[in-house]
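K.L.:
Please model the complete structure; the sequences and the hints are all you need to start from.
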Amino acid sequence: MDVWSSLMDGFATALTPMNFLYAVIGVILGTAVGVLPGLGPAMTVALLLPVTYALEPTSAFIMFAGIYYGGMYGGSTTSILLNTPGESSSVVTAIEGNKMAKAGRAAQALATAAIGSFVAGTIGTALLAVCAPIVVKFAVSLGAPSYFAIMVLALLAVTAVLGSSRLRGFASLGLGLAIGLVGMDSVTGQRRLTFGQPLLADGLDIVVVAVAIFAVGEALWVAAHLRRTPLHAIPVGQPWMGKSDWKRSWKPWLRGTAFGFPFGALPAGGAEIPTFLSYVTEKRLSKHPEEFGKGAIEGVAGPEAANNAAAAGTLTPMLALGLPTNATAAVMLAAFTSYGIQPGPQLFESQGPLVWALIASLFIGNLLLLIINLPLAPLWAKLLQLPRPYLYAGILFFATLGAYSVNLQAFDLVILLILGALGFMMRRFGLPVLPLILGVILGPRIEGQLRKTLQLSAGDPAGLFSEPIAVGIYVIIAVILLWPFAFKLIRRNTPVAASAGGAAALAMDADDAVHSNHSAVYSNHKEQQ
Amino acid sequence: MTSLTSGLKGRSELGVALLLGAAGVVVFLDANGLVTPYSKSDPVGPKTVPFIVAGMLVVCAVLLALNVLRGGKGEAEGGEDVDLTHPADWKTVLPLAGAFILNILLIDWAGWVISGTVLFWGSVLALGSRRYIRDGLISVALSLLTFYGFYLGLGIALPAGLLEGIL
Numbered sequence: 203m204d205v206w207s208s209l210m211d212g213f214a215t216a217l218t219p220m221n222f223l224y225a226v227i228g229v230i231l232g233t234a235v236g237v238l239p240g241l242g243p244a245m246t247v248a249l250l251l252p253v254t255y256a257l258e259p260t261s262a263f264i265m266f267a268g269i270y271y272g273g274m275y276g277g278s279t280t281s282i283l284l285n286t287p288g289e290s291s292s293v294v295t296a297i298e299g300n301k302m303a304k305a306g307r308a309a310q311a312l313a314t315a316a317i318g319s320f321v322a323g324t325i326g327t328a329l330l331a332v333c334a335p336i337v338v339k340f341a342v343s344l345g346a347p348s349y350f351a352i353m354v355l356a357l358l359a360v361t362a363v364l365g366s367s368r369l370r371g372f373a374s375l376g377l378g379l380a381i382g383l384v385g386m387d388s389v390t391g392q393r394r395l396t397f398g399q400p401l402l403a404d405g406l407d408i409v410v411v412a413v414a415i416f417a418v419g420e421a422l423w424v425a426a427h428l429r430r431t432p433l434h435a436i437p438v439g440q441p442w443m444g445k446s447d448w449k450r451s452w453k454p455w456l457r458g459t460a461f462g463f464p465f466g467a468l469p470a471g472g473a474e475i476p477t478f479l480s481y482v483t484e485k486r487l488s489k490h491p492e493e494f495g496k497g498a499i500e501g502v503a504g505p506e507a508a509n510n511a512a513a514a515g516t517l518t519p520m521l522a523l524g525l526p527t528n529a530t531a532a533v534m535l536a537a538f539t540s541y542g543i544q545p546g547p548q549l550f551e552s553q554g555p556l557v558w559a560l561i562a563s564l565f566i567g568n569l570l571l572l573i574i575n576l577p578l579a580p581l582w583a584k585l586l587q588l589p590r591p592y593l594y595a596g597i598l599f600f601a602t603l604g605a606y607s608v609n610l611q612a613f614d615l616v617i618l619l620i621l622g623a624l625g626f627m628m629r630r631f632g633l634p635v636l637p638l639i640l641g642v643i644l645g646p647r648i649e650g651q652l653r654k655t656l657q658l659s660a661g662d663p664a665g666l667f668s669e670p671i672a673v674g675i676y677v678i679i680a681v682i683l684l685w686p687f688a689f690k691l692i693r694r695n696t697p698v699a700a701s702a703g704g705a706a707a708l709a710m711d712a713d714d715a716v717h718s719n720h721s722a723v724y725s726n727h728k729e730q731q
Numbered sequence: 107m108t109s110l111t112s113g114l115k116g117r118s119e120l121g122v123a124l125l126l127g128a129a130g131v132v133v134f135l136d137a138n139g140l141v142t143p144y145s146k147s148d149p150v151g152p153k154t155v156p157f158i159v160a161g162m163l164v165v166c167a168v169l170l171a172l173n174v175l176r177g178g179k180g181e182a183e184g185g186e187d188v189d190l191t192h193p194a195d196w197k198t199v200l201p202l203a204g205a206f207i208l209n210i211l212l213i214d215w216a217g218w219v220i221s222g223t224v225l226f227w228g229s230v231l232a233l234g235s236r237r238y239i240r241d242g243l244i245s246v247a248l249s250l251l252t253f254y255g256f257y258l259g260l261g262i263a264l265p266a267g268l269l270e271g272i273l
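The listed protein sequences derive, respectively, from chains A and B. Each residue of the first sequence is one higher than the last, beginning at 203 in the numbering used here. Each residue of the second sequence is one higher than the last, beginning at 107 in the numbering used here.
FYI, nobody ran anything at the bench for these hints, they're computed from the structure. Possibly wrong hints are sitting among the right ones.
[To be verified] Some but not every residue of chain A turned toward chain B, in silico, with C-beta under 7 Å:
id	residue
1	T390
2	L395
3	V424
4	A425
5	H427
6	P591
7	S607
8	L615
9	L619
10	R653
Every residue, glycine too, gets a C-beta built ideally from N, C-alpha and C.
P.N.:
Right, here's the structure in full:
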């Protein structure tokens, strides 16, 4: 079956009245939770996971699609109206978006963000529909050695490239891998790190881990440093755009999409890099460069589109390879496995209708977001005024409820508290959260592929290099790991920065823009929530 | 003050290194305690990966300790409602954790409606709200709503506990 007819079948499934209703509920719930300060898309998905338990998988994933895009949209609203982005991927949106809002152009900022998200999300989802089957075709030819290499690459890239301190990233990754070890070894049935506790034999539920690190850790951390003077949220009416706004927005939307999707689809994806690239590009190309820093609409349109296109891109390796590269994808992967569905190359074969219904509902969710949220923006802005004690008590309340409802055992709540304390500590000492979550999810899979590889080669380590793709990936890994050292060497040998070429200047531009605004938020890359 | 304590002051991040090191040792000891006969079908065995993880944790612990002693510092995370200008406010965090623990102790025995009320009410008070009655009513309403919502909407029966038969 070709892509088009599969997709049409997907639409037929997704547009049945009940499933459509779930999509609407998903979009509204996702936006409402995503708008709340401190709650990013991954946390939104994790907290709302229990709501989908009662549904059959197809309906659940249709609702998920809505929650995912809704959560993203909610986050950008928050960063425009509050100037304090809850996730690193909307840092750039906040730079110009909040300036626009302060200058009385909040309505236009929200409109260009919403419509840009729609354009980028639609193109991104279309690219996902086209690319994923191609990646699958390529992926079925890969053996365990290549999978092992790809997963190691994803882990190392997320750990070494993002965040401000590689050392702290690796520390976080190590903790995640250790948490992933807990439970029965899948091959020999040996119990590892269970300390004789039978409840640990099945391992730690990833939903519990994610909710603990994201929600409980965040609530405790904020509680310790709660701002006593309330933030001023800018009131907003119905979002709209004038003719000149449209004229200035449509090219940045498309360029942002072009940056976002490929970066999201890479195994080392993320939304930070493309949003920065988009910002810097728009600044260079703009006919109104003097407006940048004072609220230029291009600076909202481009990065917001890049952000959403990257979100769609992320789903490509997630669905086709079973490889999550950001926290939201990791939580979605956990949700898939809880339904007994294994994402990966076989997914399109074994669960074709479900996957295409999911992709179709991404299109639908995108459109719903636009239709529902443009009129509802003033209401969402009101949510920002929710008194903070209720907000954070509510996060704890629903985190508890979500974690407890997975297995209905109080023991999970003990784990929730312990890991919540760990999340608190990580925030206090600047350990990034994302490597930990990916370590928990990918650790057991990596181990499985490693053992399969060496089983095939009868224990000969050369088996790791038995596929050309694997070898190529190891070269990339070596470059990523050695790059900073090489960079230092080059610098030492050329004391005068003579090579102020395009790339370096671009990087500096982006750096300036961020550091003057939210250096703290960026460097700790809060995208995890 | 001795030179040691003054050297350690403001270096609470060394605790993180300690935790990493301890985790590494625990992972190592646990894996070392596994008894596995060599098997041809699984040459890697269940020990290899834990050993690697343990090694990684210990190396990170040592490097982090060195980094901190040389003046390195992890940046605390900012956010919408985070004000890093004042030190950690334990008078908020500890009661909050207390409410959480009470919920764990109560949930199976007293049931979700009671323990959830305690959790939400306790948290709101810990976070500084002072409208006791209104907060209490909201807590009860939230717990009841989620109890019935989960039961009727999702088919998940949260424990009724003491109120069994009434709810």
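K.L.:
Against each hint, give a clear statement of whether it holds in the structure.
P.N.:
Tested hints:
Of the supplied interface hints, the one on A:T390 holds, with its beta-carbon coming within about 5 Å of a beta-carbon of chain B, less than 7 Å. Checking A:L395 against chain B: minimum C-beta separation of about 5 Å stays under 7 Å; hint holds. Taking 7 Å as the C-beta cut-off, the interface hint given for A:V424 holds, the closest approach to chain B being about 5 Å. With its C-beta approaching chain B no nearer than about 5 Å, A:A425 sits inside the 7 Å limit, and its interface hint holds.
With 7 Å as the threshold, the beta carbon of A:H427 comes within range of chain B, its nearest partner Cβ sitting at about 5 Å, so the hint holds. Hint status for A:P591 relative to chain B: holds, with the closest Cβ pair at about 4 Å, below 7 Å. The closest approach between the C-beta of A:S607 and any C-beta of chain B is roughly 5 Å, which is under the 7 Å cut-off, so the hint is satisfied. Hint on A:L615 holds. Least Cβ distance to chain B is approximately 5 Å, under the 7 Å limit.
Because the closest C-beta pair between A:L619 and chain B is about 6 Å apart, less than 7 Å, the hint holds. The interface hint given for A:R653 holds, since its Cβ lies 4 Å from the closest Cβ of chain B, which is under the 7 Å cut-off.
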